[in-house]
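The task is simple: from the sequences and hints, build the whole structure.
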Amino acid sequence: MQRMSDTPTLVVGTAGHIDHGKSRLVLALTGTDPDRLPEEKSRGMTIDLGFAHLTTPECTISFVDVPGHERFIRNMVAGATGVDVAILVVAADDSVMLQTREHAEVLALLGVTRCLLALTKMDLVDDEWADQVEEEGRELLAALGIEPIGCVRTSAETGRGLDELRAALVQLARQEQRATVPYRWFRMPIDRSFSVPGRGTVVTGSVSHGGVESNTDLELWPAGRRVRVRDLQTHQDTCTAATGKMRLAMNLAAIGVEEVGRGHELATPDYLQPARCLDVQVASLRMPGKAVRQKVRLRLHIATSDVLAELRLIEKPTSGTCRNVFGQLVVESPVVASWGQPFILRDEAAARTLGGGRVLRPSSTRWTSRRPPHVPGLQILLDGQPKERVEEAVRAGVWGGGEAKQLATAAGLADANEAERLSRSLVDRGRATVLEAGAVRTLVHHDHLEQLREVLVGRLAKYLAENPRVPGLPRSEWPGWMPRACPEKLRPALAEWFITQGHVVRTGEHVVPAGHAGVLAPDDQKLLDALLAEFNAAAFQPPGLADLNCRTPKNEARLRELVDLATTRGDLARVADGIWLHQDRWTEAVERVCAEIRATGGQTVAQVRGLLDSSRKYMVPLMERFDVVGITRRQGDRRVLGPNAPAEPGG
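Numbering (the working numbering), first residue to last: 1 to 651.
Everything labelled a hint here was simulated from the structure, so no lab data went into it.
Model, not experiment: these values are computed from the prediction.
Some clues are possibly wrong.
Label-pair restraints from in silico Cβ distances [what the hints assert, rightly or not]:
id: 1; residue 1: D123; residue 2: Q175; range: 26 to 32 Å
id: 2; residue 1: A576; residue 2: D637; range: 19 to 25 Å
id: 3; residue 1: R598; residue 2: P621; range: 19 to 25 Å
id: 4; residue 1: R174; residue 2: S333; range: 38 to 44 Å
id: 5; residue 1: E556; residue 2: A439; range: 32 to 38 Å
Note that beta-carbon positions come from the ideal geometry of N, C-alpha and C, so glycine has one too.
Quick look at the structure:
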């Protein structure tokens, strides 16, 4: 997919204290007043986000102008999301103020490291005074870990520094064009929606990454609704496709303007999923009150949305400020996020910024005493390589960790193709197993399978120890032993996997642990020996269960269990319902019948009956059984050798 234009693009956000000249600077640079609301114009104060653009022969620069008043900081955070470069505006006649500091902190927490320092109102001060203001601005940024790209001294009244600032932004746009965009799937947080007569609903936002075409479907989050993109536009220029970071407007089909707005997001289908629980790394946090607490009620600002949330730190802080700690956010309404996404934390009343951090696990389960946080996994997500993050995402997904698109989101990968590649590597290295049944497929981590193996094998061994006369667990019941958390359609595949891996062994229609050697009680072993002796002595006219001499009214049920056990062990061969032969007699019958067929070319049931000194009652089912297993094959009234007949001795 190609950009709508081959020229570089750059999204620039302003930041700074109220009345320091942010909007006036954007107007001077672009010729467009970003204050669009009547109330803003009448009060001379920016309230909501404003937008403007500058088109040069070298590039297109989009501006997101933010309000500086402390009451509208939520709008500032929404606007700062997705910008490539920030301009921290400081009035030269006023220097660094409260909102200058708060805005700069927000930029640092959002990961906006490319920042220009712009001194405005230079027509009101001399350069010596400006030197001190610039030093204060640089010290502020340095304390937050931001090294400013440069400092430009400007005046919207005289035009001073405007050309220099434009040139600096053009150079940054060229650098942005050369930068690699890490994610190839599309995502755009929405910061504005409105209705256009004759066209319907239009939304705007700063594209986070990826590309989109007109007349394609996207998902609108957090509801997950599919919407069709009718048209695309950037700065009044219509296009059929757009890719990379830019300001973009989309005309959406069949959706009302009241159904979409700031806080919603558009994304390539199936990559995002709504969550109420996120595992995070808190880069910094100041307690909202005097008490030091492990659980804090606050407001979460992520992308363009803000929601009430509870932050639970992994351990109770020792002071009122903590840094670089793991935590979990439980939000009041669902949000969508991806690995590594920055966020801002403000107090519950939205009066001040408390801190921020980045998302490690976009969808998690609530931490409890039974399901505590997995610290090694969080550490891997914090500083592990992509293949390690993929493995951790699969491990944390338990029975649902194999969907490639969501795996890409959870591990911070370029797209589903990269997720598939790293997933295959996991399987090849024996770190995960693919389970599938029809259209249902999942990737299960080796650690879960190993833990489950220990549980199931131990449970099966206990079952057999408590029921020593049973030959094993009926194979039909084995899938029912699989965990309920495993999707029902996958349970038979999981049960079969334990058999194919040799963790449990199939013996006839039963399963037992590998290496299982059941030990009967002395009375049961004595009864089994007597039973086998009777079958052996009866040769080819074996007794039925009701005819056994060793049967008594007290052991009828035990005898049936012992016959099943002997059949499973191979001591008895089942011929038909209610008919068994001692295994030695079965082998003898096979050898004698096959030898006679070789000598005569074929045998009837009557001839076999005479050969084995038996009766039709037993010989008809015996020959039918021979046919089933392929020892013989019926040819008219006679049996000839079948494909599975044993080889002739000495042959």
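Status of each hint after checking the structure:
1. D123 - Q175: 26 to 32 Å: holds (31 Å)
2. A576 - D637: 19 to 25 Å: holds (20 Å)
3. R598 - P621: 19 to 25 Å: Given about 23 Å between the Cβ atoms, the range holds.
4. R174 - S333: 38 to 44 Å: Roughly 41 Å apart at Cβ, these two residues keep to the hinted range, so it holds.
5. E556 - A439: 32 to 38 Å: violated (49 Å)
Comparing the model with each numbered hint stated earlier shows that hint 5 is the single one that does not hold.
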